[in-house]
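Protein chains in written order, with my numbering: chain A, 1 to 128; chain B, 1 to 174.
Keep in mind the hints are simulated off the structure, nothing from the lab. Idealized CB from N, CA, C, for every residue including glycine. Among these hints, one or two may not hold up.
What the hints assert, rightly or not - Quick list of in silico lysine-lysine cross-link-like pairs, DSSO-like style, CA-CA up to 27 Å: (1) Lys102(B) / Lys7(A); (2) Lys54(A) / Lys7(A); (3) Lys16(B) / Lys78(A); (4) Lys78(A) / Lys7(A); (5) Lys54(A) / Lys146(B); (6) Lys78(A) / Lys51(A); (7) Lys78(A) / Lys146(B); (8) Lys146(B) / Lys102(B); (9) Lys78(A) / Lys54(A); (10) Lys102(B) / Lys16(B); (11) Lys7(A) / Lys51(A); (12) Lys16(B) / Lys51(A); (13) Lys146(B) / Lys16(B).
Claimed, not checked - In silico contact screen, one side only, chain A against chain B (beta carbon under 10 Å); selected entries: (14) Asp10; (15) Phe13; (16) Leu16; (17) Gln66; (18) Asp67; (19) Ala92; (20) Trp94.
This is what each chain is made of:
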Amino acid sequence: MELNASKRLDDTFLALADPTRRAILARLARGEASVRELAEPFAISQPAISKHLKILERAGLIRAGQDAQRRPRRLEGKPLAEAAAWLERYRATWEANFTRLEGVLEEIGRRPSKTKRARKRTRHRRHL
Amino acid sequence: MNTKEGGKGMQTTMEKAQVTLPSDREVQVRRSFKAPRALVYRAYTEPELLQRWLLGPPGWSMPVCEMDVRPGGQYQWRWKNDEEGSEFGFSGTFREVEPPSKLVHTEIYDPGTLGGYPGGEAIVTVTFTEQDGLTTVTTLIDYGSKQVRDGALATGMTDGMEQSYQNLDRVLKE
Numbered sequence: 001m002e003l004n005a006s007k008r009l010d011d012t013f014l015a016l017a018d019p020t021r022r023a024i025l026a027r028l029a030r031g032e033a034s035v036r037e038l039a040e041p042f043a044i045s046q047p048a049i050s051k052h053l054k055i056l057e058r059a060g061l062i063r064a065g066q067d068a069q070r071r072p073r074r075l076e077g078k079p080l081a082e083a084a085a086w087l088e089r090y091r092a093t094w095e096a097n098f099t100r101l102e103g104v105l106e107e108i109g110r111r112p113s114k115t116k117r118a119r120k121r122t123r124h125r126r127h128l
Numbered sequence: 001m002n003t004k005e006g007g008k009g010m011q012t013t014m015e016k017a018q019v020t021l022p023s024d025r026e027v028q029v030r031r032s033f034k035a036p037r038a039l040v041y042r043a044y045t046e047p048e049l050l051q052r053w054l055l056g057p058p059g060w061s062m063p064v065c066e067m068d069v070r071p072g073g074q075y076q077w078r079w080k081n082d083e084e085g086s087e088f089g090f091s092g093t094f095r096e097v098e099p100p101s102k103l104v105h106t107e108i109y110d111p112g113t114l115g116g117y118p119g120g121e122a123i124v125t126v127t128f129t130e131q132d133g134l135t136t137v138t139t140l141i142d143y144g145s146k147q148v149r150d151g152a153l154a155t156g157m158t159d160g161m162e163q164s165y166q167n168l169d170r171v172l173k174e
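The task is simple: from the sequences and hints, build the whole structure.
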C-alpha cells in the first residue's frame with residue numbers, strides 16, 4: 001500500500017473509532033447539519049462536538065458547506081468507500097480460507113469412522 | 001453432519017465472512033459453517049487439516065504447521081509464496097484450550113522476507129458455537145494498540161498476498 005493511502009486510512013479509522021463520531025456520520029448520512037444541530041442529540045458541549053468534527057474533517061470524511069453563518073457539515077463518501085474496499089480485501093482473504101475450510105469439513109464429515117481415529121491420534125501427538 | 005446432504009451439488013450457500021472492528025485495537029471475523037462444531041474444531045486444531053485451508057489467496061502454501069494444542073503449548077505456522085519465494089509466519093502459545101468451544105492463543109507476526117510490522121503479541125480468541133447444525137466461528141484478534149492492528153490489517157495476510165487474486169476462482173474450483 002502506498003504511504004499516502006496508508007496515512008489516509010489511518011485517519012479514516014481513527015475517525016471511525018469513536019461512537020460519537022460514528023453517530024455524527026450517521027446523522028450526516030441523512031443530510032447536512034450545522035454544529036448546533038449536530039450537538040443536539042448528544043449530552044456533550046458544542047466545543048466537544050467541534051473537536052470531533054475537526055477529526056472527521058481531517059480524515060476528509062466531512063466538509064463544511066458554503067453558508068458562512070451555519071457552516072453546515074456534509075458527508076464526503078470517498079474515504080469511507082476506500083476504507084470499506086480495504087476491509088473488503090482483508091475479508092476476501094479470510095473468505096478464501098473459509099471456502100477451503102468448507103471443502104475440508106465436507107470431506108472429513110463424510111468419513112465418521114476415520115474421524116474418531118484421527119481425534120485419538122491427535123490427542124497424544126506432540127508437534128513441538 | 002447429515003451425510004445425505006454432504007454430497008456434491010447440495011452445498012448450501014453459507015453466510016460469508018463478516019469483518020468488524022469492535023474497538024480501535026481489535027478485529028473480529030465471523031463465519032458460519034454447515035457442520036457440527038466438533039468437526040470445525042478439529043479443522044482448526046489438527047495441523048494436517050489446518051494446513052489445507054489456512055492459506056490466504058492462491059499461490060501460498062503452508063510448509064510449516066506445528067501445533068501443541070494444550071494450555072501452555074506452542075505453535076508455529078509459516079507460509080511461503082510458491083512463485084516468488086517470499087515467506088512469513090506466526091507463532092505463539094495456547095492459553096486456553098476448551099474443545100470444542102474455545103481456543104485462545106497469542107500470536108507473534110514474523111515478517112520473514114515478506115515484510116510488514118512485527119508489532120508485538122496479539123491475543124486471538126476463537127469461539128465455536130453450534131445451533132441447528134450450523135457452527136459459527138468467531139475470531140477476535142486483540143492487537144493491543146490501534147497502530148499495530150492497522151499495520152496487521154494492511155500487511156501480512158493482505159498486501160503481500162493479493163497479487164494472485166485473479167487466480168482465486170480457478171483454484172477454488174479445483
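The hints, checked one at a time:
no.: 1; hint: Lys102(B) / Lys7(A); in the structure: violated, 36 Å
no.: 2; hint: Lys54(A) / Lys7(A); in the structure: holds, 17 Å
no.: 3; hint: Lys16(B) / Lys78(A); in the structure: holds, 25 Å
no.: 4; hint: Lys78(A) / Lys7(A); in the structure: holds, 15 Å
no.: 5; hint: Lys54(A) / Lys146(B); in the structure: holds, 20 Å
no.: 6; hint: Lys78(A) / Lys51(A); in the structure: holds, 22 Å
no.: 7; hint: Lys78(A) / Lys146(B); in the structure: holds, 22 Å
no.: 8; hint: Lys146(B) / Lys102(B); in the structure: holds, 25 Å
no.: 9; hint: Lys78(A) / Lys54(A); in the structure: holds, 17 Å
no.: 10; hint: Lys102(B) / Lys16(B); in the structure: holds, 21 Å
no.: 11; hint: Lys7(A) / Lys51(A); in the structure: holds, 20 Å
no.: 12; hint: Lys16(B) / Lys51(A); in the structure: violated, 37 Å
no.: 13; hint: Lys146(B) / Lys16(B); in the structure: holds, 26 Å
no.: 14; hint: Asp10; in the structure: holds, 6 Å
no.: 15; hint: Phe13; in the structure: holds, 6 Å
no.: 16; hint: Leu16; in the structure: holds, 8 Å
no.: 17; hint: Gln66; in the structure: violated, 33 Å
no.: 18; hint: Asp67; in the structure: violated, 33 Å
no.: 19; hint: Ala92; in the structure: holds, 8 Å
no.: 20; hint: Trp94; in the structure: holds, 5 Å
In the structure shown, a violation is registered for the earlier hints numbered 1, 12, 17 and 18, in ascending order.
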